[in-house]
Amino acid sequence: MSQLQFFGKGLPYVKPQEYPGVLISIEGTDGVGRTTQTILLREWLEVQGYGVVETGWTRSPLIGRAIAEAKLGRTLNRFTYSLLYAADFADRLEKEILPALRSGFVVLSDRYVFTAFARDVVRGCDREWVRDLFGFAPIPHLVLYLKIDVPTLIRRAISRGMVDFFEAGMDMSLGDDPYDSFKQYQTLLTREYNALAKEFSFHLVNARMKPERIHERLRSIVSDFFAQRKFHNWQVPADLDHSNNAASRKQKPFPSSENLPVVTP
Amino acid sequence: MINSLLKPHDFPGRLIIVEGIDGSGKSTQIRLVQRWLESLNYNVFFTEWNSADLVKKTTKKGKKNRSLTPTTFSLLHATDFADRLVSKILPPLKAGMIVLADRYVFTAFARDVVRGCDREWVRRVYSFAPRPDIAFYFRVPIETSVQRIMMARQVLKDFEAGMDLNLHPDPVESFKIFQGRILDEYDRMSDDAGFIVMDAVASIAEQQRKVRQAVADRLTAYNRNPRIA
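These protein sequence lines are chains A and B, in that order.
Be aware that the first sequence starts at 1, since it is given in our numbering, and climbs by one per residue.
Be aware that the second sequence starts at 1001, since it is given in our numbering, and climbs by one per residue.
Since the hints were derived computationally from the structure, they do not count as laboratory data.
Source: prediction; values computed, not measured.
Hints may contain errors.
Stated by the list, open to error - Computed cross-link-like contacts, DSSO-like style, restricted to lysine-lysine with a CA-CA straight-line distance of at most 27 Å:
hint, chain 1, residue 1, chain 2, residue 2
1, B, Lys1094, A, Lys15
2, B, Lys1157, A, Lys95
3, B, Lys1061, B, Lys1157
Just chain B, same shape as in the assembly (with noise of 0.2 Å):
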């Protein structure tokens, strides 16, 4: 079968990806490569993860009356995720411009497996995916992670914290094994994914100069004006 994300894509745009745990910064320093790609005037094009409202609303009504089981869970993300590639990703590839996705395919490979489904057929789900041109993983440990949640906004929501598993009944300790088991399936991937590991507990600007070289080094073939079908 053609897997996609195992071979470069054709496409005469650029895909950047993102991939962290919550509170790993991810998020951050995605918006910044974008303001410095605008700043040198390339065609940039930002998506992120659940913006597409295809399956929304009933993946709301699932986890509200926790009737989502992990199957179903993994293919309304996927359908979400099939969603946003082919009405929001796509096109701008095609057309030959930046797309930076915050979150990707591999955060249902590491949540999907978490919640037991099986590695191996995750992957072949999501088979049709093209293969990102860069994919950053903001590495860090779980209590910074926790403690920068618990700054901006004091709450953690239940299906991040992994409530409905039944791990722990303290929202906080349910939120620490859940994520150090989907921390577990980054590292496991990091190297078929293809990631650039970064130190997330680095500081902001330390991160942000790295990731732009990293950048800089990637795109030296990238025609910013491709001609396009």
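Chain A on its own, in the form it takes in the complex (with noise of 0.2 Å):
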């Protein structure tokens, strides 16, 4: 059960072994508040005893910065930009997200392949060749799509009053003008992570609502399948509360040290 299933073949020279932490990631286009919900859920699920490991997309010490200045000098084609980012993912997946899941993290991850799925299409890549590209990447356990409309997602952007070139997709030369731009780019990226949530059975949140309500939702979807899949049935007393008589301290024992992940260094 704690064996982790690929995209596609996997890493063919890292040994099949036990993978006892769970996979969570956080989908949806910029702007819908994805960050400020990981935050959110990571401290959530901290309070309760959960090791936590937050990953994001292009955060590689390796790679990161390279991707940063590429998209500076605006040298990126549709090839190099997905290949730099798959290989910023493939670092941060066998440097932080398979040792975080083999010591029985949470992982956390803002963004993840489906983003490129979803990116790389709009930007003219053949749909197959991306899905082969990120054959190595293990599916997520559980996937969290803030799901929102392009006319609330537009009306928030310049509110915010900056719309980041490349999430503009201007560099596509979608439109003359950044409104134009950023609406047709968002609307064939919501095209695409509709049909993926479809496909990969994401949990739809709506992101229309007030972050607390989002966060709500989240910490339902995430219970309930921690609860399905019997992942640390142990609980963590999350206050102090000395009142607790000594039946309902029994109901919520605190883990052994056997329950509790291993951290590796």
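Hints in hand, dock the two standalone chains.
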């Protein structure tokens, strides 16, 4: 049950082994509140005693900077764009995600390969090629999809006053002003995300709700999932309530040391 | 999926590539082809692997602190290749020129598989590359290649020797094991890739004579001043 499944053949040089951790990805286009929700979810999980490791797109120490520089110089074509992101992901997968899963952590991934599946296709890459490219990626146990409609997204982006060059897809020459470009790019992207949501059974959450409400929804999805998976079915008391009587304390025992995830440096 | 490596390309130009392990003499041979074609007034463009600098800093850093895995190693080189393809190889091909490439995707097919990547996966990653019109493979025994490299510059670079794979503590021995596996991979792909296999032990002149003959045979339908888009 704690073996990982991969989109393709995985990593042939990594021996099959036990991965007691859980991989959760949070997907959604820019501006849906993904990062805020990741932080809230992490906090909530940690309060309950789960070890959490966060990872996010382009955050690898090896390649993250190269991507930033390449974007700045606007020297990327659709292939190099996809391949650099794949390299960044591979680096994080092997150095952060897999070791954490091996040690029983909950890995919260702010965006995952679905982002590449959606974006790269919109940018003109062959659908099959992108999927094959990421054949080494494990399929997450749970995908939380913050879904939003394009008009709401546009109004939010405008209120914030900043539309990133690539977020707007301006490099794709979709329109000659930022509004048209952003709208068209996000429309295409949302279409891809929605198709992926069906294909990979994402858990849909309406991202038009207030952040607190979204967080509540995410909590309930994650709780249900953990229960169903019998993931760490012990609980660390979330408060230091000394009034608990012996009986209720028995229902909430501290984890024995064997149950605790082993942390390897 | 469309795998452009499996069918001839539609560009008016021609793509001639050379492959082989280090010390096979392939670079010498392609240089001589370049001189020859230029002397015949063909429009020639020469390009070699690793000439692009999009990811140079990253690969250098990764090699230095040994933080590259087979997959990141492979993907960074694929990025470099894609950059080189789009910026250096495709424009002259579209313009109807003859492109001479010192190493092509087959280098990655061999090297990445030896490093542990899945054979099929690597081929799919590179499936956007056009199929070469002529692909020479300079086949040489390991001993000959080691001799040539030692004569020329005395040191084997760690990554050419596959030192990171911990095959052997001695760089020369490690090189032999590593390049031996690369040779096996080249042999294995030879048919699919459509290699013209050259005996790279023969004299430079003898090899060049055969190379020029093969090029001449295959350029018969080539129009050096095509209508271009």
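Unmet hints by their number, sorted upward, for this structure | Checked against the structure, the only hint that fails is number 1, while the rest are satisfied.
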